[in-house]
Amino acid sequence: MHTISSLFTITILFTKHQFIMKKITFFLTTLPLFMCVAFAQQPYVTPNTAMKYSFADLVACSNGTVILEGTDYVMTNDVTISALDSLEVTENILVKIYSGKILTISGSYWKVAAPTQATFTHYATSEYYATIRVETGSYVRLNNATFTYGSGIRVISSDFEMDNCTVNNNNFSSQASGAISTTTGKVIVKNSTFKNNVRSAFNSGANTGCTFEITNCYLENNVTENTNRPQINLGPAQAGEVTKIINNTIIGNRELTQVGGISTSSLMSVPTTYFIEGNTVKDNRYGITFTGSNITGTIKGNILQDNNTQNSPNLGGSGINITASGGNTHAIITENVISGNLWGITLVGNTTNFSTGPTANLGNISVPENDPNYNIGHNIFSNNGNTGELFDLYNNNPNDIMAQNNNWGVPEQTEELIRTVIRDSYNNPNYGTVTFMPPYIIPDVCDTITNLKVLYTDDCDSTLLTWDAPTEGEFTYKVYRDGALIATVNETSCTDVTFKPWKNHIWTVVVVCENGEESEPVEKGLQYCTEVPPATNLTVTFLDNCNTAKLTWTSPSFSNLLFNIYRDNQLIKEHHDITTYSDTDFGEGSHTWSVTVFIDNLESDPVSATDACLGIDETALPTFSIVPNPAYKDITISAKIDFHKVEVINFLGQPILSQSVVGNTATLDISNLANGVYFVRMVSLKGIGVRKLVKQ
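Just so we're aligned, residue 0 is where the sequence shown starts under numbering that gives the first Met the number 0, counting upward by one.
No lab work stands behind these hints: they were computed from the structure.
A hint or two may mislead.
Derived Cβ-Cβ restraints for the label pairs, each shown as a range [said to hold, decoys possible]:
| no. | residue 1 | residue 2 | range |
| --- | --- | --- | --- |
| 1 | Cys459 | Thr491 | 19 to 25 Å |
| 2 | Thr491 | Gln526 | 34 to 40 Å |
| 3 | Asn349 | Thr449 | 19 to 25 Å |
| 4 | Gln526 | Gly675 | 41 to 47 Å |
| 5 | Ser624 | Asn536 | 35 to 41 Å |
| 6 | Thr553 | Asn163 | 43 to 49 Å |
| 7 | Asp460 | Met436 | 55 to 61 Å |
| 8 | Glu68 | Asp599 | 32 to 38 Å |
| 9 | Leu542 | Val661 | 43 to 49 Å |
| 10 | Thr578 | Glu490 | 15 to 21 Å |
| 11 | Val241 | Gln526 | 50 to 56 Å |
| 12 | Asn163 | Gly675 | 48 to 54 Å |
| 13 | Tyr138 | Asp599 | 51 to 57 Å |
No more than 25 Å apart at the CA atoms, straight line, and that leaves these computed lysine-lysine pairs for DSS-like [unchecked claim]:
| no. | residue 1 | residue 2 |
| --- | --- | --- |
| 14 | Lys110 | Lys299 |
| 15 | Lys452 | Lys523 |
| 16 | Lys243 | Lys299 |
| 17 | Lys95 | Lys194 |
| 18 | Lys477 | Lys452 |
Backbone N, C-alpha and C fix where the C-beta goes; we use that ideal spot for every residue, glycine too.
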């Protein structure tokens with residue numbers, strides 16, 4: 000600061016010497032660039048004074064650590080947001096970070112809520128910034144953010160949520176082994192995309208508790224270094240909590256033969272619970288694995304397909320693998336579709352002496368439905384095999400397994416054929432017995448219709464549905480609108496005349512076969528054909544000396560309509576049920592009343608009427624003149640007859656200025672009136688005359 004002050008003094012002393020002044024000015028304008036370069040060598044730590052920072056604030060405060068290049072923010076060195084401070088991004092910005100530099104959230108609040116996208120990326124092509132480090136006690140909420148060409152996000156004992164974000168093309172570092180790496184804390188990630196990261200999309204330690212909730216995310220082609228890692232690689236959850244992996248899509252790259260799908264482990268016997276449901280796991284080395292002890296988990300409703308990229312049955316390839324050589328691990332496996340893997344399900348225990356191993360429940364309908372051990376089964380297996388044999392379930396484990404009510408990958412669900420795809424005590428006395436009867440017989444269903452079309456008529460009075468029959472033969476069709484059955488027909492068409500044209504609808508057609516079985520539904524949705532029809536013919540009549548405004552209107556030709564009534568755009572009566580209304584709360588002046596039709600929680604366009612209660616007759620005789628008109632101060636009223644009184648009247652017919660007159664001329668001072676429209680009333684023995692007056 001002393002250097003800058005001295006230079007400013009020199010500038011004042013030489014203001015009369017133009018040649019020297021030009022040199023000094025040039026030096027001053029280049030000085031800030033020099034200062035930024037100098038200070039950029041130092042990391043920046045916010046002062047921990049409970050301040051909220053944006054990246055624009057960091058440019059102003061960080062002495063060159065964060066700078067602005069055009070519209071891009073550039074982080075030239077490490078930045079730490081101290082515990083009492085916060086970092087908030089509420090704009091669409093691009094943040095470029097120098098190679099090897101770290102953004103640290105040091106127990107503080109970090110929020111990204113960009114309207115479209117805030118992007119954090121590297122500064123130079125082929126380089127990676129070091130990482131983003133979220134320290135103990137931080138509170139993080141990220142929405143509409145992209146993190147690319149960094150070295151992962153490290154989360155340590157923090158409350159971390161990410162929604163609608165993208166994490167692509169990230170490397171790893173000593174700080175973060177995965178795109179998101181954690182030790183302890185809770186991490187919630189939903190509706191986000193993870194692609195082309197060098198290592199796992201999610202990574203946590205195998206001996207410390209960190210709870211994950213990963214929901215509705217898309218993962219593809221992660222672990223591009225092709226090492227023995229899964230795309231989701233998690234250790235234990237925190238005590239008393241459940242890690243949830245729900246409704247995600249996890250697609251591998253078949254050229255990356257070492258990469259698995261989902262792995263959960265507890266290698267130091269830390270108790271943990273998992274719930275894995277509704278995921279699609281495809282084209283990985285394996286699908287889902289539990290490894291270790293003290294693990295309980297439910298694997299439900301997943302699609303595990305073609306997880307066989309390594310194509311080495313001795314090294315993997317299971318749709319589901321539960322490995323627990325020390326025992327004390329239990330899995331509930333239900334309603335999964337498992338196909339095209341080297342092994343369907345493998346349960347592996349202590350294969351040295353077969354003394355311990357995992358327990359599993361693949362289906363148990365031998366107990367009542369309210370029994371905690373009840374499991375509907377409904378796992379469906381097909382084409383899981385290697386070396387020319389099929390292996391739906393391999394119980395390489397001493398424990399007996401319940402696996403009832405599943406559909407096994409054999410042509411007929413007989414005990415003899417099912418036994419060919421199961422390995423248990425029947426094949427090796429060291430293995431536990433699998434109870435697999437009865438099987439689940441998938442019911443026959445009709446083929447669905449095709450080419451469903453739904454068209455409105457031009458006047459929106461009806462809707463025509465047409466479709467193509469599934470196969471040759473005679474069928475009955477059930478037609479639904481918004482889930483309610485509206486018709487049962489034998490033809491491949493149906494006309495709907497009872498729909499509401501101002502609402503969005505979904506029509507559904509189901510085939511009913513001769514045996515009574517029904518097909519899967521085929522749906523077609525359309526937006527509304529027309530808006531809610533408006534009311535018409537709104538009129539306003541003033542009664543009771545302008546104390547009441549009576550509104551009347553004409554309703555559309557529909558039943559069960561309600562009306563919303565507005566005065567000057569303010570709702571004064573909601574859900575009125577008749578076509579007339581009396582308003583007694585309006586004030587002076589002109590008003591606009593509007594009526595809308597309200598039906599099915601939708602509202603029509605308004606019909607409006609503007610009027611004012613004058614209480615006067617502008618056409619009455621005799622006539623007179625007002626000069627000037629419009630007027631600012633004085634007006635002169637002149638008539639061909641004598642009159643004895645003149646008044647200025649507001650819109651409600653109320654006198655606000657009055658003067659007695661002798662003769663046929665009068666002058667009024669209107670300077671104190673507000674600008675606007677008034678009426679002048681002249682009172683004579685031959686009648687009353689009224690004319691408009693504009694005050695300006």
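A quick look at each hint next to the structure:
In this structure the supplied range 19 to 25 Å holds for Cys459 paired with Thr491, their Cβ-Cβ distance being about 23 Å. For the pair Thr491 and Gln526, the beta carbons lie near 24 Å from each other, so the given range of 34 to 40 Å is not met. In this structure, Asn349 and Thr449 break the distance hint of 19 to 25 Å, their C-beta atoms being roughly 54 Å apart. Separated by about 46 Å at the C-beta atoms, Gln526 and Gly675 satisfy the suggested range of 41 to 47 Å.
Distance hint for Ser624 and Asn536: a CB-CB separation of about 39 Å, consistent with the stated range 35 to 41 Å. A beta carbon spacing of about 48 Å between Thr553 and Asn163 agrees with the range 43 to 49 Å that was offered as a hint. Between Asp460 and Met436, the C-beta spacing of about 58 Å keeps the proposed range 55 to 61 Å intact. For Glu68 paired with Asp599, a C-beta distance near 54 Å fails the hint of 32 to 38 Å.
At roughly 38 Å, the beta carbons of Leu542 and Val661 sit outside the given window of 43 to 49 Å. At roughly 42 Å, the beta carbons of Thr578 and Glu490 sit outside the given window of 15 to 21 Å. Taking 50 to 56 Å as the suggested C-beta distance range, the pair Val241 and Gln526 does not conform, at roughly 40 Å. Restraint check, Asn163 to Gly675: a C-beta distance of roughly 53 Å satisfies the suggested window 48 to 54 Å.
Between Tyr138 and Asp599 the CB atoms are about 42 Å apart, so this pair departs from the stated range of 51 to 57 Å. Between the alpha carbons of Lys110 and Lys299 the distance comes to roughly 34 Å, so the proposed pair goes past 25 Å and is violated. With a CA separation close to 7 Å, the supplied pair Lys452 and Lys523 stays within the 25 Å bound. Simply put, Lys243 and Lys299 have alpha-carbon atoms about 12 Å apart, close enough for the 25 Å limit, and the pair holds.
For the hint pairing Lys95 with Lys194, the CA-to-CA distance comes to about 20 Å; that is within 25 Å, so the pair holds. Pair hint Lys477 plus Lys452 holds up; C-alpha atoms about 15 Å apart against a cutoff of 25 Å.
Consistency note: the structure conflicts with the earlier hints numbered 2, 3, 8, 9, 10, 11, 13, 14.
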